[in-house]
Amino acid sequence: MKVMLHNGENGQLMVYVAKKDLEEAVVSQSTDGDATLVTLSNGWELSINGLTEPLQLPKTVNAKRLN
Numbered sequence: 002m003k004v005m006l007h008n009g010e011n012g013q014l015m016v017y018v019a020k021k022d023l024e025e026a027v028v029s030q031s032t033d034g035d036a037t038l039v040t041l042s043n044g045w046e047l048s049i050n051g052l053t054e055p056l057q058l059p060k061t062v063n064a065k066r067l068n
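In terms of the working numbering, the sequence shown has 37 at position 36, counting the first letter as 1, and numbering is strictly consecutive.
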């Protein structure tokens, strides 16, 4: 699914899923090989391939929902 990464009002990393009209904060982030695993405040876990540091935001990426 396509998601948009951006900074929220307080500088926290946010994820917006347009098809679900869902915007949630990232509460944890880790790396597994070349994939970045992020956990959202609603409990969703997403795997995003190919993110480079530092992030150039806003950015639209493909993500895979793990749970």
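Any given hint could be a false lead.
Stated by the list, open to error - Capping the alpha-carbon separation at 30 Å, the derived lysine-lysine pairs in DSBU-like fashion look like this:
hint, residue 1, residue 2
1, K60, K3
2, K60, K20
3, K65, K21
4, K65, K20
5, K65, K3
6, K20, K3
7, K3, K21
8, K60, K21
By construction, these hints were calculated from the structure, which means they are not laboratory data.
Taking each numbered hint in turn, which are not upheld by the structure, reported in ascending numerical order?
Violated hints: none at all, because every hint is consistent with the structure.
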